[in-house]
Structures are given as C-alpha cells and as structure tokens.
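Peer 1: This is what each chain is made of:
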Amino acid sequence: MTPNETHGNLARILLLLGRLALAAIFLFAAYAKLKPQAAMPWSGSSVKTSLSLFAMQVDSYQLLPPQLVSPAAHFLPPFELLLGLWLLSGVLVRYASFITALLLGAFFAVMVRTYMAGLEINCGCFGPGERLGPLTLLRDGSLLALALAVTIGAFVQGRKSRELSTPTAVATPQRAD
Amino acid sequence: MKIIALQSSLANTRPIVLRSPCFLAWGVFASLPLCFCAFVAILLASPGSANQLTPGGIPELARSPTAHSGTTRRCVANISRYNVRSNSMLRRIELSSGSHRFLVRGMTSRAQWAAAILTALVFLVPASPAQTTTPTSAKTAAPAHKRAAADTTAPTAPVKTIGNRNAPITMEVFSDYQCPSCGNFFENTLRAMIQDYVAQGKVYLVHHDFPLQMHTYSGQAARWANAAGMIGQFQDVDAALFDNQAKWTADGDLEKYVAGVLSPANFKRVQGILKGCTAAPATSKADRSVPQADPGCPVDPYIVQDIVLGYQVPVQATPTFIIRYKGQSYPASSGIITWPILKQFFDTLLSQ
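Each protein sequence line maps, in turn, to chains A and B.
Per my numbering, the very first residue in the first sequence carries number 1; after that it's consecutive.
Per my numbering, the very first residue in the second sequence carries number 1001; after that it's consecutive.
Calculated from the structure, these hints are not laboratory results.
Do not take every clue at face value.
[Claimed, not checked] Capping the alpha-carbon separation at 30 angstroms, the derived lysine-lysine pairs in DSS-like fashion look like this: (1) 35/A with 48/A; (2) 1268/B with 48/A; (3) 35/A with 1343/B; (4) 1256/B with 1268/B; (5) 1326/B with 35/A; (6) 1202/B with 1285/B; (7) 1343/B with 48/A; (8) 1256/B with 1275/B; (9) 1326/B with 48/A; (10) 1202/B with 35/A; (11) 1285/B with 1256/B.
Modelling step: build the complete structure from the supplied sequences, incorporating the hints.
Peer 2: Right, dumping it as structure tokens:
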C-alpha cells in the first residue's frame, strides 16, 4: 500500500467518522426537542407540547416575530431528524454536509448575536433547560468546524472520485479508436 | 382585624356590667355563637377556599407532592436533596423539602386554629369582671384593642400570588424588580396573562423574589413588595414597581411609587412592617451562598426563602419561570417569552 493510498484511506475513515458523528448529533438534537416532557408518554399530544415548549425557547432569542416563531419551532426538529437520517444514509454526502454546515453556521451566528446582546436565555439546542453560555458557543463552534471539515472532505473526495473515473471513461473510447 | 374591630365596637357599645357569677356564665354562653361565626369567617378566608388570593409563593412548590416526581427531578429533586445541615441559616428557615412541606402546611392549619382560639379568647375576655365592670372601663379598653389591632399587622406570610390557586396551570416566576428583562417580561407578557388567563382562572401566578446582587435597589424593592403582600396588596405594588422601574432605578426612591398605589392607611401599615429593616437587604449571591436576613426585618426571611428556592431550580438569570400542569413541572425557562407564544403553550397544555 503506497503512502498516497494510506492517506486516502485515512481521509475516508475520518470523513465517515465525521459524517456519522454529525448524524448522531442531529438525530439526538431532534430527539431531545421532540421527546415528551414531564413524564408524559410518547403521543401526538406530548410531541405537540414539546414543540410548543421549544417555540418558547425560539421566542426567547427575540429574533423572529411571534407569527414566525411557531412555524420555525415546528419545522426545525423534523428537519434536524431528516438531516440526521440523510447524513447517516451516506447518499449525496456533499450536499447533506453542506446543508448541515449552513444550518450550524446559522445557529452559531444567532447564538453569538444573542450572547453578545447579553440575553440570558436557554440555548434550546438539545432540548429545554440548557443555558446559553460560552460552553455552548464553544460546542456549537466545534460542531460547525466539524461540519465544514466534513463538507470540504466530501467535496474533495467527490472530486477525486470523478478524477479517477473520468480518465478511464475517456481512455476506453480512445483505445477503441 | 375586622373581628377585633367588631369586638372593640361591641365593648364600646354594649358594656356588660357583671354583678354576679351568673353574668359571667351568661357572657360565656352568649359569646359562643360569635366565636363560631368568627371561626367560620377565618376558615372561609383561609388559603383552602377557591377564587381567593392565597398565601402562595414558596408554599406553592410544596403544594402538590406529585409535582415532585418523575422528570420533575430537575427542579424539585434538587430541593429534596437539599442539605440543611450544612448551613445554620437554612436550618433557621427550615427549608428542607420534608420539613418545608410540614412547616408550611402545619403553619397554615396551626395558624387557623390559633386564630380561632385567640378570637374566642378575645370574645371571652371582655366578659370577665376585670374589664367589663363599668362603661368607663370599657372606654379605657378601647386603646388596648387598638394596640391589639396594630399588632396584627406584624408578620404573616406575604401573599405573592395572583389568581385562583385551583387553576389548572401554575406559573412560578423568579424575578428581580430592578432587572430590565423582568420589567419587560412583566409589562409585555405577565400583564397580558394576568388580564387574560389568570382572570379566567386558567393560570395561577406565583411570584418569587430573586434580587440580584448587581442591582442596588432590587433587594429593597423586594422588601416593599413582600410587606405589601403581608397586607394583601401585593398585586398593586408589584405592578407599580415594574411600571416605574426606570424611575426608581435612577434615584432609589421606591417609597413614592409604593405610596402612589396604596391607601394612606395601608401605606402606613407597610411602612410599619419595614420599620425594623435597617440592614442591607438580602440578595442572591454569585457564589450561591445563602444571604443573611436582617433579624429586625420581618420580610427578609421570605425573600431569603425565595432566593434559596431559586438556587435549587437553579435560577441562573432573571426572569426564570417554571410551569406546572397536572402535577408535573416543565423545565425552567429563562428570558422574555411573548404572550402569544406563552399562551400557545398554555393552550397546548389545556388541550391535553
């Protein structure tokens, strides 16, 4: 095995691990937001209550007008769930990781803005009860860095795959000619 | 107060002249129906009756034992783990979960019984020969009754709740009167909630004081609010303090705004309650140590109680609130939540 091949295998493994880590984080985030609160069993009603509770956390950021808070709160957890499943599936990883990085970038920007504004609120990142502070910023910043790394890695990997496949595809007709 | 005033008027207008033991027996017998009426009146005015402002605040956390189970551990089990042995101050205010519940409930029932017995004694005392032998002595007894009436203004637990305690939803708010976010939250959310869901009996609002050390006047504001709560005027003073937050924050003149919403008599009573408050007011500490209550200040122990409860939630910023429904507590939320969103959450709970 050449050093290039070893390097390529390591990059693929790291990319896989990063993608799985992001998938797990997003699936957990969705679960934490949707799970029933106050010892309620899983049901449509309990999930609705959890989403209403999440809407209060979204509202506390004082970013969206009240009429948009509820739609945003009802959209985000299912979207995180779908994104987690998409990352897990490994289909079109480049686009999945790019959307993940965009979403995490938006979250991070909102959190930094809120923290700098001095609002003492709950983060709402992984369900209720977690205060927005330097540690949450550090964590989300790290996640953003990971998502960016996975996105870049996925694009690089995709380009390499294309480069490897393209000459073969081109050479065959040349030989045939 | 009313009972003693009634007794005072009875003593003045119907002096009983006792000339033989038969009159003493007659006096005892005649006072029994009055005692019974007084007892019933006290029971009706007690916290158990619906549609009344009730002594809430701290006791409300212990109101429903079922509220402290399951996933409510986050804010409640911490209280049950509370170690009172480590702190003499806490021992003094007896805030461990078991003793707290016992203390609160015991105080309520004992206070009712004590009030009933005292009322009965007050009715019986004028029937004794020493005080009711002549109309002249009845006249001289009046100042004594006034003194007794004045004494009743002293410490009873402040009522810092708004609404019907039997409302399906209870919302407990930890607030600092000088905190701008708390003022904003009160003006834009709680005021609308009080006029809407609290008035409709859907929500029971419980105020807890959590004055922050960083605010110069918040401790003193909490004292005024608690003193007003002791005479049943909490809601007016609470609103006045938030309404004029920017003004008294600038000059510290809280008295002016409290006086503005109370009758002169009630303002004097509140002033009387705070007369002994000479030391610096209790505020929450950054290191979460229990603040020292001014021994001469009857409201400080209640503020310290609120602060200690806040530590257990834990309150990390104000305003922080906890919502309880059907005996279950939902995780504490911080910051300003607009009324439409909060109302939506209440509606979701009520539709379960």
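Peer 1: Hint by hint, note whether the structure agrees.
Peer 2: Quick rundown of the hints versus the structure:
1. 35/A with 48/A: holds (10 angstroms)
2. 1268/B with 48/A: With Cα atoms ~50 angstroms apart, residue 1268/B and residue 48/A exceed 30 angstroms; violated.
3. 35/A with 1343/B: Measuring from Cα to Cα gives roughly 21 angstroms; hence the hint holds.
4. 1256/B with 1268/B: holds (13 angstroms)
5. 1326/B with 35/A: Roughly 18 angstroms between the alpha carbons, so the hint for residue 1326/B and residue 35/A holds.
6. 1202/B with 1285/B: Status violated; Cα separation ~34 angstroms.
7. 1343/B with 48/A: holds (14 angstroms)
8. 1256/B with 1275/B: holds (16 angstroms)
9. 1326/B with 48/A: holds (17 angstroms)
10. 1202/B with 35/A: Holds - the C-alpha atoms of residue 35/A and residue 1202/B are around 25 angstroms apart, at most 30 angstroms.
11. 1285/B with 1256/B: holds (28 angstroms)
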